[in-house]
Amino acid sequence: MSLLKQWYDAIQEAQSVDKIEEIRISVFGKKGVLAAEFARMKEAPDEEKSKIAQELNVHKNTLMNELTARKIVLQTLELQEKMRAEAIDVTMFNSSSEAGALHPVMQTMDRIVEYFSSMNFAVKTGTMVEDDFNNFEALNLPKYHPARDMQDTFYFKDEMLLRTHTSPVQIRTMMSSKPPIRMIAPGAVFRRDYDITHTPMFHQVEGLLVDKEGKVSFANLKFILEDFLKYMFGDVQVRFRPSFFPFTEPSAEVDISCVFCKGEGCRVCSKTGWLEVLGCGIVDPNVFAAVKYENVSGYAFGLGVERFAMLIHQIGDLRSLFEGDIKLLEQFR
Amino acid sequence: MIVTRSWLNEWIDLSTIPTERLVKTLNSIGLEVDSVATYEVPQKIVFGRVLECEKHPDADKLSVCKVDTGDGIKQIVCGASNVRAGLDVVVATLDAVMPDGTLIKPVMLRGVASEGMICSSKEIGLGDVHDGILELDGSIGKYTRGQELSTHPIFSDTVIEIELTANRGDCLSIRGVARDLSAAFDKPLRDRTFREDEDKRVGIGRILSLWHENNLDVEIRYKAVDIKKFVLPLIMKIRLTQLEEKKESAIESLMTYATHSSGVILRAYEHSFFCAAGETMAKISLSRDANGFASIKTKEKVASIVGVSQEDISKVTFSEGLVLIEATYIAPDVISKKMQEKKIPSGAVYYRASRGSEPDLNQGLNYCISMIDSFSDSSVYGGTIEIEEAYDDKIISISKKEIDEIIGANIDKAKITKILKNLGFDTTKSSADNFIVAVPRYRHDIVNKQDIVEEIVRLVGIDNIPSKPFTFTEANSFNDDYRNYKKRESYRHKAAYNGFFESVHFVFDEKKVLQEYGFETVDEAKELLNPIVNTLDTLRTTLLTGLLKAASNNSKNGYASVKLFEVGSVFDAQRNESLKMALLLCGDRELQSLSNAGKPSKVDFAFFAQKLSNVIGSFELREFATKHTLSHPYQCAEIFVDGESVGEMFRLHPNVEESLDLDVTYMCELDFEKLPYALKTAKTTSRYQASFRDLSIVMPKNMPYEKVKDVISTCAIQELVRFYPVDKYSDAVLGENMSFSIRFVLQSNDKTLEEEDITKAMDTILNALGSELGVGIR
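Taken in order, these protein sequences are the chains called A and B. Its first residue numbered 6, the first sequence is counted upward by one per residue in this note's numbering. Its first residue numbered 34, the second sequence is counted upward by one per residue in this note's numbering.
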């Protein structure tokens, strides 16, 4: 029996799962110690046999339990060791996206289009090269009109021009289809102006709604623009100021409370607490006359997409938007 | 348009209206306030009087003055050359802190004690009103010695800059703005009629005669004044400084001031300018010049052009002498049309005339004369000489119902009447339901019903109109334009997911550069007439140049890997617009990192092709030579999708790479309209096992794979799912040939392929390659 004693020590001293396996074979194997002890029992006198068998069985169970317990301990230790060897310095793997990004102005345009198309406005596009009629005359801007000064125009040698707004798309739509009309015209427009706050090309979204005479009111215009501006800018205050556009009457400019200082007054809003973001109004009857619409009423609005993008994303430099500058773009992943 | 509180106050009583409310009202009636600035003269700066003034014993340029500052007589040393006894001045007393932070304390100047400072306009933050210390006079109203400047209305004035819209010429004057405010606040304008004592005066007819052509479309009116001792009063100097007007002679400055106040275009001429030698009768003739403009002349010389400009030689330079003061009006549409027909040099006058100056000439002339009268000893000649035109007020009729429909709210009839009346519109002929509105001449911008509604809206206040949703008879809003927008969006998203940054460039380009690279350019006859700069002097015919410029900048900015794309419009020689998509890949194929030991491989043709197929789907490439010279001649392909050519891809020519400081660069440009956007159709897929076979053929090195591909495709083997090159090998033994391995994937929809089916298929391919191209297994 004392022969078995040493195996108890061996189990406790074993340092690896392999060693435990060795011990298991040495103790419980066919040629193991236990088998040998049981064999020797046959030589013992009969009256002692049952006692020896009993003792041997106790040892057998105890040894097996200790062996299993030790094995679990060693397995756990070995797994710990293995994992420790697999340790990495996680701080070496900061984010390193290989994805590209959509341009902030185009993303903003997409959001604007998304709003109005979900309000059932049709999207309409047109060409950038336009004629005087569609860009000016039909919009109540005859040749001598002083408001033409407001929009310095790129002309071509053959008297065509680059559209100064997307309104020609509205004229073309009205000339080719009957009311009711509910549309927006997103796209690039051109003014002959190039400095810190102006680029010769920028993007606009203009909207137009036309229905029967007496049906479309200023109150309707207020409703959709207030809703739209809250969709774009979140919880802002919206105010309407009377203004002047040749193609609408009455006209208004729309301000939102400054998104930077929450209306307290800061550099961006020139201390006024308000930011001008939209122009709008009730369509002037001369515009309807130019497209030969009778007995209709309508509203129209227009906005600059770059301005929206710059306010929403707090982009400081307008010109950087047209340089394909990855330093700027990678922030919009 | 710049107005100030005190100046407006001359026309309308603003004493009960705080500035904040004034600004808010201006904004809400459509006169957008651009900036508001209030003078803040610091404390302890007071009015004073110089009692005595003597030369400093030890300094030539300094004077020692005794100054009454209300609370006693102070000794102050002053360096200004215009200081003198009897002058009323502005004094910074001890402990005053000047706007620049200087603290006034007792000092010794060259041994003489000085207890304060006599101030110039700049020193108290008023700008450059005049040289030297500020010389006060009665024009600024009452003040007492010792009174703090900050309590005086002129020195605590608020300057408001208004951004006027192009139609509101009527508000290009202090009186005009006051008139609009009068409607907004429902307060009357102050009466500023100048009453002259006609009897005692010599009639203007004795010194002036006017000859004119008929039908000139202008109104003109003259007064004559014998100017004596006219010095521009301080209040005008201060206000002209606020307007940032340049300094001119006293009379010229007065004209600027009176024009800004009244809105009437006023000019002054020396009487003698119109007199023939030795005569005392001035003869003015008014006729159309060669360009059709109404011009004011002597026999030989032009003095001015109505509504456009005045010649310098006719301007008044003296401060004493006989002066003719002229007020003119020309309707804005008349002068604008004329200028449109024939552009001639013009000045500030034209701006005012073309937007609509004040037609009430008497009002402006009288204002001007009253100023001269109160600030000099001049004598005014009686009466005026004038040309007048008959003018009938425009009549617009609009019903209450029409007004309510356009606004979308019910506006009280009495309120409408009051608004129109305060704006100067005559509504006395109106009936119960109908407004008959006579529009005054100064509101040339009001022509139809909508204009009347606009006036009502701005004075009622848009904030007071409730919002209402619109109910619409639905039309189908889904159209081709929207579909194209969504297609564009979808391709842009795919490009961004695959590592490309969206770039937006101007549709302008430099013609010279386009031509150098061999791109087509817009025909000369259809070219831009007025480009903004030389480097943007034409419409772009390709997206490639813009992307290259951006890539070059990014690369110089330290980006070892540049991936850009643009979807945008380009134009052909006939200036027809079309949509293109271009992608660019330059330098490293991935970020430098641990995993590539900081040295990622460079992009190559295969890598670019794979990125491109991530974006546009499957395509085939054919050998190609581009029309332009940007491409590497041996790494250049035409791209086919579903058998149709959609564009080109290529490596950038090494010379171009070098000239732009670019690493290895690949680009492509695609006709966006030709890119697929149809819904996908699923093919039946096989349930049976696929088999793979590699075939190594020996073929000439210079034989394009495209040929091999074509031959295999024409075999039309049903079981052939796909095939692709997997290896390429050449050595000395092979010489001009190479061994080229292609992997074939075969699969049937009906059964698991047997060995003999596969062999049969491969044999068919081999035979075809042999007979068509003369190539076979090694």
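By construction, these hints were calculated from the structure, which means they are not laboratory data. Quick caveat: nothing in here was measured; it's all calculated off a predicted structure. Don't be surprised by glycine CBs; every beta carbon is placed ideally from N, CA and C. One thing to keep in mind: the hints can contain errors.
Below, simulated DSSO-like cross-link-like pairs (lysine-lysine); rule was C-alpha separation at most 30 Å, straight line [what the hints assert, rightly or not]: (1) B:K57 with B:K99; (2) B:K427 with B:K448; (3) A:K235 with B:K520; (4) B:K519 with A:K332; (5) B:K370 with A:K162; (6) B:K155 with B:K138; (7) A:K162 with A:K148; (8) B:K454 with A:K220; (9) B:K501 with A:K183; (10) A:K297 with B:K482; (11) B:K370 with B:K94; (12) B:K155 with B:K107; (13) B:K280 with A:K332; (14) B:K280 with B:K155; (15) A:K235 with B:K545; (16) A:K148 with B:K433; (17) B:K519 with B:K713; (18) A:K297 with B:K740; (19) B:K519 with A:K235; (20) B:K520 with A:K183; (21) A:K332 with B:K99; (22) B:K713 with B:K740; (23) A:K162 with B:K519; (24) A:K162 with B:K427; (25) B:K138 with A:K217.
Coverage of chain B stretches by chain A, computed from C-beta distances (three or more under 8 Å per stretch; other residues unrestricted) [said to hold, decoys possible]: (26) 54-68; (27) 192-200; (28) 397-404; (29) 479-485.
Sample of chain A residues at the chain B side, in silico, Cβ under 10 Å [said to hold, decoys possible]: (30) L9; (31) K10; (32) Q11; (33) Y13; (34) D14; (35) A15; (36) Q17; (37) R29; (38) V95; (39) V273; (40) K332.
Structure-based check of all given hints:
1. Distance restraint check for K57 of chain B and K99 of chain B: the Cα-Cα separation of roughly 47 Å exceeds the 30 Å cut-off, and the hinted pair is therefore not satisfied.
2. Our distance criterion of 30 Å between C-alpha atoms is met by K427 of chain B and K448 of chain B, whose separation comes to about 22 Å.
3. As the CA atoms of K235 of chain A and K520 of chain B are separated by approximately 28 Å, the hinted pair is consistent with the 30 Å bound.
4. For a cut-off of 30 Å, the pair hint linking K519 of chain B to K332 of chain A stands: about 27 Å separates their Cα positions.
5. Distance hint between K370 of chain B and K162 of chain A is fulfilled; the C-alpha atoms sit about 22 Å from each other, no more than 30 Å.
6. Between K155 of chain B and K138 of chain B the CA atoms are separated by roughly 20 Å; this keeps the pair inside 30 Å, and the hint holds.
7. Taken as a hint, the K162 of chain A and K148 of chain A pair is honoured in the structure, with Cα atoms around 17 Å apart against an allowance of 30 Å.
8. At roughly 29 Å between alpha-carbon atoms, K454 of chain B and K220 of chain A fall within 30 Å of each other, so this suggested pair holds.
9. The suggested pairing of K501 of chain B with K183 of chain A holds, with an alpha-carbon distance near 25 Å, which does not exceed 30 Å.
10. A C-alpha spacing of about 18 Å is found between K297 of chain A and K482 of chain B, which places the hinted pair at or below 30 Å, so the restraint holds.
11. For the given pair, K370 of chain B sits about 58 Å from K94 of chain B by alpha-carbon distance, which is inconsistent with the 30 Å threshold.
12. For the proposed pair K155 of chain B and K107 of chain B, the alpha carbon gap of about 23 Å is at most 30 Å, so the pair holds.
13. The suggested pairing of K280 of chain B with K332 of chain A is violated, with an alpha-carbon distance near 49 Å, which exceeds 30 Å.
14. Proximity of K280 of chain B to K155 of chain B is assessed by CA-CA distance (about 16 Å); at most 30 Å being required, the pair is judged to hold.
15. Of the pairs offered as hints, the one joining K235 of chain A and K545 of chain B is violated, with about 47 Å between alpha carbons and a cut-off of 30 Å exceeded.
16. Restraint check for K148 of chain A and K433 of chain B: not satisfied, since their Cα atoms lie roughly 34 Å apart, outside the 30 Å limit.
17. Our distance criterion of 30 Å between C-alpha atoms is met by K519 of chain B and K713 of chain B, whose separation comes to about 16 Å.
18. With a C-alpha separation of about 60 Å, the suggested pair K297 of chain A and K740 of chain B falls outside the 30 Å cut-off, and the hint is violated.
19. A C-alpha spacing of about 24 Å is found between K519 of chain B and K235 of chain A, which places the hinted pair at or below 30 Å, so the restraint holds.
20. Distance hint between K520 of chain B and K183 of chain A is fulfilled; the C-alpha atoms sit about 27 Å from each other, no more than 30 Å.
21. The hinted pair formed by K332 of chain A and K99 of chain B fails the criterion: a straight-line CA distance of about 66 Å is larger than 30 Å.
22. Between the alpha carbons of K713 of chain B and K740 of chain B the distance comes to roughly 29 Å, so the proposed pair stays at or under 30 Å and holds.
23. At most 30 Å may separate the alpha-carbon atoms for a hinted pair to count; K162 of chain A and K519 of chain B exceed this at roughly 35 Å.
24. Between K162 of chain A and K427 of chain B the CA atoms are separated by roughly 40 Å; this puts the pair beyond 30 Å, and the hint is violated.
25. Between K138 of chain B and K217 of chain A the CA atoms are separated by roughly 76 Å; this puts the pair beyond 30 Å, and the hint is violated.
26. With a threshold of 8 Å between beta carbons, the proposed coverage of the stretch 54-68 of chain B by chain A holds, since 8 of its residues qualify and at least three are required.
27. Under the rule that three or more residues need a Cβ within less than 8 Å of chain A, the assignment of the stretch 192-200 of chain B holds, with 3 such residues.
28. For the stretch 397-404 of chain B, the stated coverage by chain A is violated: 0 residues have a C-beta nearer than 8 Å to a C-beta of that chain, whereas at least 3 were required.
29. With a threshold of 8 Å between beta carbons, the proposed coverage of the stretch 479-485 of chain B by chain A holds, since 4 of its residues qualify and at least three are required.
30. Proximity of L9 of chain A to chain B is violated relative to the hint, the smallest CB-CB distance being about 55 Å (cut-off 10 Å).
31. At a threshold of 10 Å, the smallest CB-CB gap from K10 of chain A to chain B is about 55 Å, leaving the interface hint violated.
32. The interface hint given for Q11 of chain A is broken, as the beta carbon of that residue sits about 52 Å from the closest beta carbon of chain B, more than 10 Å.
33. Hint status for Y13 of chain A: violated, given a least beta-carbon distance of 50 Å to chain B, over 10 Å.
34. Given the 10 Å rule on beta carbons, the hint for D14 of chain A is violated: about 48 Å separates it from the nearest Cβ of chain B.
35. The beta carbon of A15 of chain A comes no nearer than 46 Å to any beta carbon in chain B, farther than 10 Å, and the hint placing it at the interface is violated.
36. A cut of 10 Å between beta carbons decides the hint on Q17 of chain A: the least distance to chain B is about 44 Å, and the hint is violated.
37. For the restraint placing R29 of chain A at the interface with chain B, the shortest Cβ-Cβ distance is roughly 44 Å, beyond the 10 Å limit, so the hint is violated.
38. The interface hint given for V95 of chain A is violated, since its Cβ lies 12 Å from the closest Cβ of chain B, which is over the 10 Å cut-off.
39. Against a cut-off of 10 Å between C-beta atoms, the interface hint on V273 of chain A is violated, since the closest Cβ of chain B lies about 14 Å away.
40. Because the closest C-beta pair between K332 of chain A and chain B is about 7 Å apart, less than 10 Å, the hint holds.
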